[in-house]
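Chain by chain, the residues:
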Amino acid sequence: MRFAPHTADDVAEMLGRIGIGSVDDLFDQIPEDVSLRDALDLPAGVSELDIVRDMRAFAGRNRSADDLVCFAGGQAYDHYVPSVVRALAGRSEFATSYTPYQFELAQGVLQVLFEFQSFVCALTELDVSNASLYDGATALSEGVNIVSHNDRPRVLVTGGVDPRLIETLRTTTAPTDRTVDVLPLAADGSTTTDAVVDDDDVGAVVVQHPNRFGILEPVRELAQRAHHAGASLVQVFDPTSLGVLAPPGALGTDVAVAEGQSLGNDLHYGGPYLGLIAARDEHVRKMPGRIVGETVDADGAPGYVLTLQAREQHIRRERANSNICTNQTLMAIAATVYLAWLGPEGLVELGHQCASRAAYAASALTSVDGVDLRFPEAPFFKEFALRLPVDAAGVRDALVERGIVAGVPAPDVDDRTLVVAVTERRTRGEIDGYAEALAEVLR
Amino acid sequence: MRFAPHTADDVAEMLGRIGIGSVDDLFDQIPEDVSLRDALDLPAGVSELDIVRDMRAFAGRNRSADDLVCFAGGQAYDHYVPSVVRALAGRSEFATSYTPYQFELAQGVLQVLFEFQSFVCALTELDVSNASLYDGATALSEGVNIVSHNDRPRVLVTGGVDPRLIETLRTTTAPTDRTVDVLPLAADGSTTTDAVVDDDDVGAVVVQHPNRFGILEPVRELAQRAHHAGASLVQVFDPTSLGVLAPPGALGTDVAVAEGQSLGNDLHYGGPYLGLIAARDEHVRKMPGRIVGETVDADGAPGYVLTLQAREQHIRRERANSNICTNQTLMAIAATVYLAWLGPEGLVELGHQCASRAAYAASALTSVDGVDLRFPEAPFFKEFALRLPVDAAGVRDALVERGIVAGVPAPDVDDRTLVVAVTERRTRGEIDGYAEALAEVLR
Amino acid sequence: MTGAAIRSTGPDGFATLWDRSRPGRRASTFPVLDVPAVEVPPEHARVAPPVMPEIGELELVRHYTRLAQMNYGVDTGFYPLGSCTMKYNPKVAETVASDPGFARVHPLQPDATVQGTLEVLWRLERAICAITGMHRATLQPPAGACGELAGLLMMRAFHADRGVPRSKVLIPDSAHGTNPASVRLAGFEAVSVKSDERGLVDVGSLEGLLDDDVAGLMLTNPNTLGLFERDIERISERVHDAGGLLYYDGANLNAILGRCRPGDMGFDIVHINTHKTFATPHGGGGPGAGPVGVVERLEPFLPAPVLTQADDGSFAWDADRPKSVGRLHGFHGNVGVLLRAYAYVFLHGADGLREVSGLATLNANYLAALVGEALPLAFDAERPMHEFVATASPLRRETGVRAMDLAKRLIDLGFHPPTVYFPLVVQEALMVEPTETETKETLDAFAAAMRRAVSEASTEPERLHEAPTTTPVRRLDEARAARQLQLRWTAPAS
Amino acid sequence: MTGAAIRSTGPDGFATLWDRSRPGRRASTFPVLDVPAVEVPPEHARVAPPVMPEIGELELVRHYTRLAQMNYGVDTGFYPLGSCTMKYNPKVAETVASDPGFARVHPLQPDATVQGTLEVLWRLERAICAITGMHRATLQPPAGACGELAGLLMMRAFHADRGVPRSKVLIPDSAHGTNPASVRLAGFEAVSVKSDERGLVDVGSLEGLLDDDVAGLMLTNPNTLGLFERDIERISERVHDAGGLLYYDGANLNAILGRCRPGDMGFDIVHINTHKTFATPHGGGGPGAGPVGVVERLEPFLPAPVLTQADDGSFAWDADRPKSVGRLHGFHGNVGVLLRAYAYVFLHGADGLREVSGLATLNANYLAALVGEALPLAFDAERPMHEFVATASPLRRETGVRAMDLAKRLIDLGFHPPTVYFPLVVQEALMVEPTETETKETLDAFAAAMRRAVSEASTEPERLHEAPTTTPVRRLDEARAARQLQLRWTAPAS
Ligand SMILES: Cc1ncc(COP(=O)(O)O)c(C=O)c1O
Ligand SMILES: Cc1ncc(COP(=O)(O)O)c(C=O)c1O
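Residue numbers (the numbering used here), protein chains in the order written: chain A, 41 to 483; chain B, 41 to 483; chain C, 417 to 910; chain D, 417 to 910.
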């Protein structure tokens, strides 16, 4: 298959105009020695029907959430994506445009991104946001970067932060003078606020709320302690919780980051997702990535532009705070449509349904003999950790045979912990079915 | 779920403006006695997620052509629908518009339909077409209607015409003075041209080419005989054949009709499909349905309108030749994009691939013990009839168990005939698999 | 507002695909032929491929993307086309109907392999009967007009079956054009019934027309003026007394969903336009679906095959229907459309559908009150239901501005115009159907545009005569189109 | 042509969703809660829901349909944005990537349940290695810049692993901004290398900068001027001799597909922008994907986890990679994008990809010849490859018309402008990359528009200063945007 439209006549005419004999001659700057002598080691091209057939066969070898009932979480969740999201975010005028450098030709994307920023600020009750980052993990790195000082090189991360987020933060912190210290969790699964002491080398404290076990964290206290110590609080939040849980801005958080997949984006085996970030006004000039601002045109009519570009790599180059260029705009468009679809009442209902269904699931699953909550004391949102009587990975694999993705094991904690996520999609019937299957597997 | 946007305040304000107390009061013209006292006997409304879940469950109880290899034909075929068709014909500006009564707001649909008519004329080498009819069966009724006279009330239909088309023609002919006579096929499966004799009561002769058994018919001879008898020839054609088979216009056909599903439309259990129709110039004022014409606007710029509307029901009312109003425009848009995608070379290749794969399938299947061609002498296009050693419906059902829709039985012919259709989608592997499975079933 | 929804097209905006063609270009690809190549016999072979455009995939995509954008739809703006019920087409209906489990099913697969689709069709039939008060329904007709034909053929078969064929069908003069056309195709003679000064069927003249050659009466209720035929009980009694049947044209069913049922009014046959009442997208002209419900005594005449449910709950087609009028579609009707209708009906449920008719009627009455400030309503003795008809007759007398001019000016003011010049019983008619899915703000803005256009008729009439000026083309020369027929692309004379 | 692709928006075209909000409206629905309702503990509860717009589904659909139409994309017209490779994004890639079998898979499902996706990723990795001449690749980086960081971290780890950390990375002055930014983030110092009068790396100055603190050199080849670094063999020898590594910025890989491979030129690390070379849609700013290939000696440092194939052919993730630079994405990268890249690569195959680079280069050279009639090319000693840079410097001197003015005038003439003011080494740069999917007719029309704009610079310069005038907005006040920051919706002062 080819998408170049050239006919033999076209090529001949164009070569004539250039004054060269053949297409291959256009490549004579390439030194002989490095020129490819043979064809690339790839199969011959195929037709559209062939690739559709092949890809369908690959897709058929996956077991999807249409087929296995999905209780897996850990920053990616099986929330429902309403039809309007695909219908609108899927429009080709959005999909096939580049970053809106020419504002007059891109008011559509620019306005959606302005609305996206407005939504993120409204959800978090923080002042500024941006046009998206790659995902939740890279958003945390960027968020920590905003508030880090060289004279306060330590970053304290609570053990309730998702391990993949911590791994990513370690990767991006490694080449810097900063260090990442992980604070162990208390026995009840939440962060001990005492662990944050008045060390003058701590620049940032990072907490995830709800944490990796779904547990609600004492963010207000952590923020107070961090601020008292002269550090900033970076919070990893769950956007679907913010209809029912107090927003980062009200908790004292300085920079809030999140994985935005839950907002109208497909699971898609981990990507493309989007990173959300919001911060207090004072950090606006240290924000990473594109930011859309409202202004007026030559006639005084309102319009939107990319603004504060002097922060970015294409202007500031090696002095830029971030290297991000291509971001996740199309996912941000989907998230915007999704949030518009939800509305404030829908956001509240979403949170409420997740919390209620998760509570029901916790009680149904712990009614199975030998199954307990790993942290029985702590209140949780839409995820919770089970302690199983046997190896969690084995149970998970056995439940796949019964049509269920039971959750995500936490081998870094112990072999018997399984973290279960429950969204608004999970019915009572599915939850009861999970409990029965679990009982069978453990019998 | 509701799609009305009214808030309680909206309703109150609007009622105030109307000067009425409640929405229910708006219905007080409805006599007490016929007013519904109880709610409709329907379940309560559900959420979007609920209906998606329910419909997915229903869909999951079907076995589709993604799952069973499809060798069924009979006017509906498993041709490949390229991605551009869905991407373009699926655009909401097309889908959510009405019949283009306001031309200035609908130049897009009008131009596509003009292109559609152009394609149908190019394929058939006939002069005029229209903006689509409901499907192939109703198109045949409309086509016969064009050429029928009260003084020549007999319609001769060859036995090679699809039985569902004949049934539909009988339904629409019943209330008229016309009669439908079916001519039996010759032993070789094609029409005996002798059957068309110079009767002065015959108004139309109908032939399907390729016929219901895929067999190529002597259309030229039939047209000559029909014309000699003072009748017109109506031909049912297969649009996918017209890259390789001579067009109706070149065969002497007066009116050509077809089922257009093959052109970029989903199988969808029989609809929505579209009827194609094309005729010689002399019939233009008897054509049914919408016709788009090119003209100029007030500034002399080119543009498109619905034209010759005086033919239609909304003007001519009881004297109209046809009652069609809503047609199958969106399917015609899909067909247009499909034909544009094919191009002339693609159309030829399509026909060639179908013919070649069908020939291979015929030889592979007749190599199974006891299986023969029902009409071994006759050349065929993409369909052919097998004679099985046992009941065809039973064999078909047994092959479903092996993942194959083996074809369509023809119980009106005999119990052992199975009509097999082969499109460009069927691979050699699938065909060989069919032959093996057939051998097993017959063993 | 949305006159802007139509972008201008620039110099080559109107080039057809043929004009963009270059020999040797092509978008399509095929798998390698892995079987022996076979040619058709030479006497059957096409001599040269058809003259079709040759074009690459990107140019093709741009061409049709551009044409799509040159189109006004419900998704781009208010579409108050009377009699067409241009309400919001839910996106979820598109989602469920495009499931390959539905979309990739062949119509001649064995019944056992399509139980999912069959159950949806069965439930939809039951729901249609519940909504209309009918006994059974056929889902075969692909549009309203075909539904009319199906219903009239059943009417014909019913009388024939009783051994007393009848030849006339009565239709109000306000009826839609498909009604008389269908009557003729069904082999009847159409007889027109006068409307009275209320805009309703004149029961007196109706009675005068009834005799034992009248097979039945076709009625739209509310009628095409948007008015409820409040004498329906008397009408139905009279027709039945005369041995006739009552046919309900369901184009206006949206007005009475969950409020009253055609069956309870005495109708024997009802068609539904799913592309109106049940929000299946109209696709620029179609597809639709025109299911037809009938009372029990007409069941034997339903088009064949008929869906049946066995004791084990499974579904099958029954083609053995000796009294059936026969088949009206090559397969089972516009199934993909019916799936969307199913989704719509079951999303709403009983309460939701009742709310639909309530708010559709509220919107129409509110808008009628506002528009009434600028233009007289055609028949204002009765309160309209889901739509209303205004007339520009006085305006035309006073200013020379016609309904068509108002319509075109509305385009420039950002709106799709109402239906014009229908129903035929109103001169200079503007028939407005807002539907229930529009906001009060939209109705207010439309009324303001209407008032503005009407006031301009006095102050700047040429502005209306020249409208539209913001669209890709200005008013088109229809007379020329009909005179110098250009119905397909032809190579420019070179 | 397509300036018209952007429609005007009318009076309330710019209303945000907040402006359209009405209390009590809502689009979302949820299943009935069939379990006991639970509230979050009061001390954690939100006091009041966020101030979000309240809007019904139809208004929502119209709002975003309108905004979509206010956007120029490859599907609406020519998009010659230099360095961005805005080629046709095949629709079939969207089809295959949206298969629920791919799209509805959770990233933490057991490997055994995702073998289909894993095999696609494995094959894509192999293909990338075949195309670039690398040994293995990571698919984790979600964009080119992140790929740069991954590659530079591996460079850093490589030197550290040998016990001799190095601190500097050399970058040509023509490099893209992400290069120096990534170098800094990877903990290196960026050292700029001059271009010579040909527009190529000045090998002399490069040699002068090489020492044993240089970790490596980052190069784009062809470079951002569209010129092939013909001294690449000598450059790579020198850098390697000095103990450094060579990094290939793959943004311009489209130019050399199937012609030569970075690995054969001596590069050790290569990133690919799938959203350029492999036609994955750029989505108005993203997503992309930035796979990074490396030579064998760098394999131990690849980001973890790494995909492995067992003897039985099954695939699994290996996280036990002691020398890995770590993780750069929360999961496995932008998998949905990688599926599209897979489809693109395997649709084309070896021959197809070689044709891509050939015709991309043909288009650029043809267009350079035409545009060169109106504007001087920046460095014309070398023949450009897939893109070229023209300069409006002389024009500015003569007429006061700047590159930006030309760009804006091109908009009114129906085209998306080229990249302007990049690369920084060219003053008043216009960087044009037509890509291989454009027709000769389109290139001819663009060149004509360019010629027209340049000639208007002398005759009607105000026309260029005032452009664009056909778009929903005219030129926007960027200074005001940065001064009076308005970065989110705020309630109007009442
Ligand atoms: C009152 C009335 N009856 C019948 C019809 C015909 O229905 P269809 O277009 O579905 O064939 C219409 C459609 O406009 C109508 O408005
Ligand atoms: C030369 C060059 N390098 C690197 C990049 C950065 O790639 P990305 O936008 O994918 O992060 C770009 C993108 O514009 C580029 O043109």
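These aren't lab readings, by the way, just hints derived from the structure by calculation.
One or more of the hints may lead you astray.
For lysine-lysine, the following BS3-like pairs were computed, each having C-alpha atoms within a straight-line distance of at most 30 Å [as the list claims (entries may be wrong)]:
#1 C/Lys507 <-> D/Lys507
#2 B/Lys326 <-> C/Lys584
#3 C/Lys739 <-> C/Lys584
#4 D/Lys584 <-> D/Lys610
#5 C/Lys610 <-> C/Lys584
#6 D/Lys584 <-> A/Lys326
#7 D/Lys739 <-> D/Lys610
Facing chain B, a subset of chain D residues (Cβ under 10 Å, in silico) [as the list claims (entries may be wrong)]:
#8 Ala443
#9 Phe446
#10 Asp491
#11 Val512
#12 His575
#13 Asp577
#14 Arg578
#15 Ser583
The structure presented is a predicted model; accordingly, all values stated were derived computationally and were not measured.
Cβ coordinates follow ideal geometry from the N, Cα and C atoms, glycine included.
For each hint, the structure was consulted:
1. C/Lys507 <-> D/Lys507: holds, 21 Å
2. B/Lys326 <-> C/Lys584: holds, 25 Å
3. C/Lys739 <-> C/Lys584: holds, 21 Å
4. D/Lys584 <-> D/Lys610: It holds: about 16 Å lies between the C-alpha atoms, which stays within 30 Å.
5. C/Lys610 <-> C/Lys584: holds, 16 Å
6. D/Lys584 <-> A/Lys326: Holds - the C-alpha atoms of lysine 326 of chain A and lysine 584 of chain D are around 25 Å apart, at most 30 Å.
7. D/Lys739 <-> D/Lys610: Measuring from Cα to Cα gives roughly 35 Å; hence the hint is violated.
8. Ala443: Holds. Min distance 9 Å.
9. Phe446: holds, 5 Å
10. Asp491: holds, 9 Å
11. Val512: Holds, about 9 Å.
12. His575: At 47 Å from the nearest chain B Cβ, histidine 575 of chain D fails the 10 Å test, so the hint is violated.
13. Asp577: With a closest approach of 47 Å, the aspartate 577 of chain D hint is violated.
14. Arg578: violated, 50 Å
15. Ser583: Check failed: Cβ of serine 583 of chain D comes no nearer than 50 Å to chain B, outside 10 Å.
Hint violations for this structure: numbers 7, 12, 13, 14 and 15, all remaining hints satisfied.
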